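Visitor: Bring the two chains, given one by one in their own frames, into a single complex with the hints.
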Amino acid sequence: MKKKLKGKVLNKAYFIIISSSLILADQLDMNGAVNSNFGNSYGFYDFSENILDLNIFYNDLQGWIQYEYSNPPDIGFANNDIRKFRLEYSTGDLVLKLGDLYEFWGRGLLLNQFDDQVTNFDNGTRGMLIEYDNGMFSASHMNGNSNIWNMGADTRTPEFNNIHSMMANRIQYNRGLMSLGLTQLRSNEEHDVNFGPSVMASHNLKGAYATWAGGNADFFVEYVDKVSTEKVTMFGTIPNDTLIKGHGYYQNFNFYLGNWGLSTEYKRYSFDKAYGDLSADDYGNQIEYQQMPTLGKEQNSTLLGRLTHNYNFNDERGVQLELNGSLLGLSLTAQYAHLSRNETWQSVGAFDWVDKAIKGYLPSSDISALPYWENYQEVSGYAFNDKLYFKLGRGSNKEILKTIRYFEGTQVDISSIDTSLAWVYDTLVWNDETYYDSTEVELYDTNYTSPFNVESKLWQQSKAFTIPMEVNYIFDNGYTVGIGFQYQEREKVNRSMGNATTFNASDSSWNMYDPDDYSNTYDETTSQLANSDGTVKTQYNRLVYLSISKAPKWSFTITHDMTNAYEASTAYDPYYNPLEALISGDLKYFTGKRNNIDPPSWIQNRWVSIEFAYNITSSQRISVMYGSIQGGLFCSNGVCRLIPPFNDGVKISYSASF
Amino acid sequence: MLKKYKPIFCFLIILSTSLAEDDDIGNIIPDLKIRLLDGSKTTIHELVQDGPLMIDFWATWCVNCKKLMKYLDQYHQDYKDDGFKVLMINTDTPRSIGKVKSYVRAQDYKFHIGMDPNKVISKKLNGMVMPTMILVDKGGEVKWRHQGYIAGEEIQAKNQITQLLERNLEEKIEG
Numbered sequence: 001m002k003k004k005l006k007g008k009v010l011n012k013a014y015f016i017i018i019s020s021s022l023i024l025a026d027q028l029d030m031n032g033a034v035n036s037n038f039g040n041s042y043g044f045y046d047f048s049e050n051i052l053d054l055n056i057f058y059n060d061l062q063g064w065i066q067y068e069y070s071n072p073p074d075i076g077f078a079n080n081d082i083r084k085f086r087l088e089y090s091t092g093d094l095v096l097k098l099g100d101l102y103e104f105w106g107r108g109l110l111l112n113q114f115d116d117q118v119t120n121f122d123n124g125t126r127g128m129l130i131e132y133d134n135g136m137f138s139a140s141h142m143n144g145n146s147n148i149w150n151m152g153a154d155t156r157t158p159e160f161n162n163i164h165s166m167m168a169n170r171i172q173y174n175r176g177l178m179s180l181g182l183t184q185l186r187s188n189e190e191h192d193v194n195f196g197p198s199v200m201a202s203h204n205l206k207g208a209y210a211t212w213a214g215g216n217a218d219f220f221v222e223y224v225d226k227v228s229t230e231k232v233t234m235f236g237t238i239p240n241d242t243l244i245k246g247h248g249y250y251q252n253f254n255f256y257l258g259n260w261g262l263s264t265e266y267k268r269y270s271f272d273k274a275y276g277d278l279s280a281d282d283y284g285n286q287i288e289y290q291q292m293p294t295l296g297k298e299q300n301s302t303l304l305g306r307l308t309h310n311y312n313f314n315d316e317r318g319v320q321l322e323l324n325g326s327l328l329g330l331s332l333t334a335q336y337a338h339l340s341r342n343e344t345w346q347s348v349g350a351f352d353w354v355d356k357a358i359k360g361y362l363p364s365s366d367i368s369a370l371p372y373w374e375n376y377q378e379v380s381g382y383a384f385n386d387k388l389y390f391k392l393g394r395g396s397n398k399e400i401l402k403t404i405r406y407f408e409g410t411q412v413d414i415s416s417i418d419t420s421l422a423w424v425y426d427t428l429v430w431n432d433e434t435y436y437d438s439t440e441v442e443l444y445d446t447n448y449t450s451p452f453n454v455e456s457k458l459w460q461q462s463k464a465f466t467i468p469m470e471v472n473y474i475f476d477n478g479y480t481v482g483i484g485f486q487y488q489e490r491e492k493v494n495r496s497m498g499n500a501t502t503f504n505a506s507d508s509s510w511n512m513y514d515p516d517d518y519s520n521t522y523d524e525t526t527s528q529l530a531n532s533d534g535t536v537k538t539q540y541n542r543l544v545y546l547s548i549s550k551a552p553k554w555s556f557t558i559t560h561d562m563t564n565a566y567e568a569s570t571a572y573d574p575y576y577n578p579l580e581a582l583i584s585g586d587l588k589y590f591t592g593k594r595n596n597i598d599p600p601s602w603i604q605n606r607w608v609s610i611e612f613a614y615n616i617t618s619s620q621r622i623s624v625m626y627g628s629i630q631g632g633l634f635c636s637n638g639v640c641r642l643i644p645p646f647n648d649g650v651k652i653s654y655s656a657s658f
Numbered sequence: 659m660l661k662k663y664k665p666i667f668c669f670l671i672i673l674s675t676s677l678a679e680d681d682d683i684g685n686i687i688p689d690l691k692i693r694l695l696d697g698s699k700t701t702i703h704e705l706v707q708d709g710p711l712m713i714d715f716w717a718t719w720c721v722n723c724k725k726l727m728k729y730l731d732q733y734h735q736d737y738k739d740d741g742f743k744v745l746m747i748n749t750d751t752p753r754s755i756g757k758v759k760s761y762v763r764a765q766d767y768k769f770h771i772g773m774d775p776n777k778v779i780s781k782k783l784n785g786m787v788m789p790t791m792i793l794v795d796k797g798g799e800v801k802w803r804h805q806g807y808i809a810g811e812e813i814q815a816k817n818q819i820t821q822l823l824e825r826n827l828e829e830k831i832e833g
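Respectively, the protein sequence lines represent chains U and Y. FYI, our numbering numbers position 64 of the first sequence as 64, with every residue one higher than the one before it. FYI, our numbering numbers position 63 of the second sequence as 721, with every residue one higher than the one before it.
Isolated chain Y, as found in the complex (with noise of 0.2 Å):
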């Protein structure tokens, strides 16, 4: 059984390596069903109708990503009239599930914050590494990702909401 599916596993780790160079740019993101931190319930599919969405996961004991959460909101409040958002799916436990709210409040974030505390979306979009940035076209196209946060990386995120924003604003004129 073992020496049956090393290869798989091995041809696997090599495709997805391979694979990574581009990413799963070009793929259409799941339509995955969302909880709000306020209750109610969206999709993934639902956010991408009006524009761009760049979903980045987190916690409340994750300081990287605390660090990239004050710019993510700063990009979301700067193009939401271009119809992009920020979902921010947290992926607290019980242990600290009940201070997400209070803490969102404290810092008077204003983008979508999603609940995921057994890390069922996590999993699905590969979010387990904190923070991972999926950003997403309107219509639900991937267009980046990336993963974890080194001080300056939110210049690169800014780059691609842009360049995204632009390239849109393009095909709108043109078409």
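Just chain U, same shape as in the assembly (with noise of 0.2 Å):
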């Protein structure tokens, strides 16, 4: 409470100075934007966001101020009130920085900040910053804390609040083409756990850095090593104990030859290993300042954008090769991407796992490692003078999501028990004399068989096949007509094989497939795609879309996504737009005879939305989209979120700039 109040007097203090600055100083330079944000639909998905960020620049000094008004955001806390300043003092080779903090030092295996507004994600630091930089030589120190929330079960409202109080160190010395860099970070953390008090972490992270570029070739490597301790409060005196020891390294060689360029990517994160996905109750590995590169495409198109990896930047390896190019007149790129788990797991009962770790340094294709895979090929280009621009491209993904059950060993069964009757005597000595006891027992002695394979696996995977392509044509009179299509095949499986099926916890054996012959196999594959009639083999996606615009303008949208299945079963939503109606065909919708009790069924499987944008001036830009849009998975930066569909409604979205 102490540390809030603390935190308002400081904003207060700092829109004050900043503001009084603006009314009073001649010499000041400003400019500033405002972007807003309003959604109303009958999905109860609304929002309502403003923001404002000034900017003022006066000699050596310079300040920002972000101004939020929202109720409630699209994503996040309603707020009123502040949300971010800075003021940074530079003079010759010294700069210092009061306020929020967002750094970026090497490729982020240490300390990557930034505040993504779309998925909620803000790892800055609110503190001090104090660097010094004469070309060759280059030492920061940065102090502060951060307020991190992460999201939980809710779309829209975070639920874990991690708080770290940290202190980062660089120096950086430039020779030539060549830079090397060393890191230090330091955190103690307060981390929220999904029952219970916090626990309070500390984590110290070392890292280097080199980079060289050449004219034909360059380079960068990365490496930071982990280690984390947790704090036991219990009896209080309680030394610190060793949390998590772990390690992260990050390669990217490039290579050129006329208009072609190769760029090669290596990563291995191993900052901590478990079988399940990651959860609140996972601390002490990699923390939010580490944002490290994720070896996969970023995918411009809707379709793609959906099939994004949840990376795994605690415990995965992977290559990446991309490269791009001009032929006749056309820009070419194509790329791939293999990434996988450190190890191997095999499942040893109905509930551990076991690890072992992969050999050598590339990824491995093992299902056990959770291997994914992905491939983008494109072509674009200009004909006609420039007045059509065409693209086209091919991508194709492949993914094992999960591991239920994995194990691939020996077992032996009981072949006989003997149970046959024995005489066993027990002797007495007294005054020399041996008396003799005799008792009949029941012997039972257990006979194996030879070990015999036992093959018992159960996994999810999903692939996908994904066609977007896009063509623009400017005519004459300034008008320009676009069309874009993306097509996409989709299939998600849970797919079973052996000659083993469950785990027999009772008598620690697997349960054969086939107990009169264990050389029976099976190999069974179940569709986890779904429509209103029943399992689907292959989600097919299409989109469409159709563009008008006459710059400097305007431009209007209109776009209708469409697919025939559902990863889980869906309820029917009766609020269905016109749109939709009219492409339907459902023209009782326009007699005022729409059925909101029972609505037609092919609702579930379209999405129609327009869009139209308007240029006030150069720098007013105001947009207003009618419609649906079907949620799904967002990822950005590594960072992934839900987005819940947004239901036949009104989005108008505003920017300036001045």
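Simulated from the structure, these hints should not be mistaken for laboratory data. Among the hints, erroneous ones may be present.
Unchecked claim - Simulated restraints on C-beta separations:
no.	chain 1	residue 1	chain 2	residue 2	range
1	U	Ile404	Y	Arg693	46 to 52 Å
2	Y	Lys816	U	Lys588	49 to 55 Å
3	U	Gly92	Y	Glu799	38 to 44 Å
4	U	Leu321	Y	Asp736	34 to 40 Å
5	U	Met167	Y	Asp739	48 to 54 Å
6	Y	Asp736	U	Gly215	21 to 27 Å
7	Y	Arg825	U	Val624	36 to 42 Å
8	U	Gly196	Y	Glu799	57 to 63 Å
9	U	Ser365	Y	Val721	29 to 35 Å
10	U	Asp476	Y	Arg825	25 to 31 Å
11	Y	Val721	U	Asp514	53 to 59 Å
12	U	His141	Y	Gly833	35 to 41 Å
13	Y	Gly833	U	Asp476	38 to 44 Å
14	U	Gly196	Y	Thr701	51 to 57 Å
Said to hold, decoys possible - Heads up, simulated DSS-like pairs for lysine-lysine below, C-alpha to C-alpha not over 25 Å straight-line:
no.	chain 1	residue 1	chain 2	residue 2
15	U	Lys553	Y	Lys725
16	U	Lys550	Y	Lys728
17	U	Lys387	Y	Lys728
18	U	Lys550	Y	Lys816
19	U	Lys553	Y	Lys728
20	Y	Lys699	U	Lys391
21	U	Lys387	Y	Lys816
22	Y	Lys768	Y	Lys699
23	Y	Lys728	U	Lys391
Note that this is a predicted model, so its numbers are computed, not measured. Note that CB positions come from ideal geometry on N, CA and C, so glycine has one too.
Guide: Rendered as structure tokens:
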């Protein structure tokens, strides 16, 4: 409470200082931007968020204030206050920053801070930074506090709050084409867990990076070592225990020849290994400051964007190659990535898993290492005197999402138990005389068969094939007509195979598929996609959009998104918009006989929207969207967010810079 | 606290919209330090010493940015003798930053590429909407600003550049 009050007072002080400077000083230069978004839909997905950014420049001083008035925002908490501020002073080789800091060192294995409003991820630090840079040598020191919110079950309101008190240092030496850097970060974290009081953990990271840039090649390498300790407070005197040790490595080698460039990347992040998905209760591993390269293609087509792999910053290795070039006036891109965990896993019981490190450096294709493959090719260019622009792509993705059981080994059966009777004698010696006492007992001697092979596997996998394409044509009168089409085939299945099924905990053995003949095996595939008619093998997604625009004033776009199946059963949403009714030939909708009680089934499979954007001036733009938008997974910077569907509503966006 | 700032916020919104008619035209652009793709460092004021500068923000995944870049590179080469330059500020994150140079080399672009992976420069110059073009005159005065790209808007950008160069030439002859 005290901390919060202190923050508010600071906010107010900064606001007063910067506002009064704004009014009083003649030599001030300033610029600003307003971004307002409003949404209202039948599906209770309503929001109103307004953000004002002000930048003020006065000689060697720079100020930045961000004011937010949101209730509720698209994602996050309602706010009506100064959200961010920073004051910077730079003179010669020295820079001093106070306020909200966003620093990026190396490639982010140790520190990469950003504020992403789309995923509501903000790992910035409120504190101070001092930096000295004379060109050849630079040194930075920063410290402060971060209040980082992470999403939980709710798709719009954050649930978990991790508070970091951090301190970081960097030194960099530049000579010619080469730079060498050393980094260090220490953070004391108050980590929010699912149940019970927060955990106090301390993280100590040390890193190094090197970069070299030549004419036909360049490289970047970075390594980070991390040790986390947990403060045990049960009796107050127990010393800190080591919680988790880990490391991360990343390299990027690029080669150039003429108009061709080959980018190669390799990563190996090993901060924590666990069989299951990491949750708030798994702490001590990668911390929020570490936002590292993912080694996946950052897609710009809607359907490919929905297939984003959920990157594991704690335990994943991989390679990515991308070739860019020009041929006959066309731009060509070819990309390939292969990722996997750092170890394979065997389920040695109903709930127990053991891991085995993958040999070598490359990612594995073993199912239990949860491999992911993606490749994408694209050709784009201009024709007819640059009046026609076209883009054609082809992408394929394959991923092992999880293993439910995965065992390949041997076990033995009990072949016989000897239960024959035998005499057992007890003897007693007394007064030099021996006395015998005999008892007949049952023998219990177990005999086993020779070890035999057992295979019991059940995993979930998905694969998809996508073709995005786009064509624009500019007419002589200034109008541009564009059409885009994206087609996707996707499968998501549970696959089980082997000669054994489930694990029998009572006798610690696998249940054989055919108890009479162990050589009999099975290989079954069950689709995880369904619609109202039942299970569907392949999901077909189609997205079509048509746009008409007149530079520099306006553009109009109509988008039609369609699917035939879902991953989980979806309740009918009775609210469908007139565009969907018109396209589907539902004329009753327009005669006042719209059926909200038992709506037509097709409304579940399509989302139609129109958007009109208008440039009021060259720096003011307003756009109005009406219709429905399909929800789904959205990922940015390696942070993913599940966006709820937007049903039959209006979104208005306004942006201005001044 | 909330009620207290609400009128201020509303006032600033109205102020911004009324000011937006004239953009930030006439303001001197701040002298920000820029790290270029080749590893060297410069500042915006150094780049505007010889002539006008067009600043634009882009990322490898931004299709509209790529469409515009082709024209801006052409203008960079067409008007370089008049001291005109183009500075493309790249905002790719670590996820795709490794591919920036490969893409630029493949397109054989000649303009300057600045690096802004954590969007510090973008925020200071209001370039969070991509693409955003800012035309700066020799000496640092902001002459034109434009957000977004609709096919055909490159002609408007070209007109702004040529008008500025013509004005500068007239002033040079007169003065």
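Visitor: Taking the hints in turn, state whether each one holds.
Guide: Verification of the supplied hints:
1. Range check, Ile404/U to Arg693/Y: Cβ separation about 48 Å, and the 46 to 52 Å hint holds.
2. A hinted range of 49 to 55 Å holds for the C-beta pair Lys816/Y and Lys588/U, which are about 52 Å apart.
3. Our hint of 38 to 44 Å for Gly92/U and Glu799/Y is violated, since their Cβ atoms are close to 25 Å apart.
4. Taken as a hint, the range 34 to 40 Å holds for the pair Leu321/U and Asp736/Y, whose Cβ atoms sit roughly 35 Å apart.
5. Look at Met167/U against Asp739/Y: about 51 Å separates their beta carbons, and that is inside 48 to 54 Å.
6. Separated by about 26 Å at the C-beta atoms, Asp736/Y and Gly215/U satisfy the suggested range of 21 to 27 Å.
7. Taking 36 to 42 Å as the suggested C-beta distance range, the pair Arg825/Y and Val624/U conforms, at roughly 37 Å.
8. The hinted range of 57 to 63 Å is satisfied by Gly196/U and Glu799/Y, whose Cβ atoms lie roughly 60 Å apart.
9. Between Ser365/U and Val721/Y, the C-beta spacing of about 33 Å keeps the proposed range 29 to 35 Å intact.
10. Our hint of 25 to 31 Å for Asp476/U and Arg825/Y holds, since their Cβ atoms are close to 29 Å apart.
11. Remark: the range hint 53 to 59 Å for Val721/Y to Asp514/U is upheld by a beta-carbon distance near 56 Å.
12. Take His141/U and Gly833/Y: their Cβ atoms lie about 49 Å apart, and the range 35 to 41 Å is violated.
13. Take Gly833/Y and Asp476/U: their Cβ atoms lie about 40 Å apart, and the range 38 to 44 Å holds.
14. Checking the proposed 51 to 57 Å range against Gly196/U and Thr701/Y shows it holds: the Cβ atoms sit about 52 Å from each other.
15. Between Lys553/U and Lys725/Y the CA atoms are separated by roughly 18 Å; this keeps the pair inside 25 Å, and the hint holds.
16. Taken as a hint, the Lys550/U and Lys728/Y pair is honoured in the structure, with Cα atoms around 20 Å apart against an allowance of 25 Å.
17. The suggested pairing of Lys387/U with Lys728/Y holds, with an alpha-carbon distance near 13 Å, which does not exceed 25 Å.
18. With a C-alpha separation of about 17 Å, the suggested pairing of Lys550/U with Lys816/Y holds against the 25 Å cut-off.
19. With a C-alpha separation of about 21 Å, the suggested pairing of Lys553/U with Lys728/Y holds against the 25 Å cut-off.
20. For a cut-off of 25 Å, the pair hint linking Lys699/Y to Lys391/U is broken: about 35 Å separates their Cα positions.
21. Simply put, Lys387/U and Lys816/Y have alpha-carbon atoms about 16 Å apart, close enough for the 25 Å limit, and the pair holds.
22. Pair hint Lys768/Y plus Lys699/Y holds up; C-alpha atoms about 17 Å apart against a cutoff of 25 Å.
23. Straight-line distance between C-alpha atoms of Lys728/Y and Lys391/U comes to about 15 Å, which keeps the hinted pair within the 25 Å bound.
Against the hints set out earlier in the document, violations occur for numbers 3, 12, 20.
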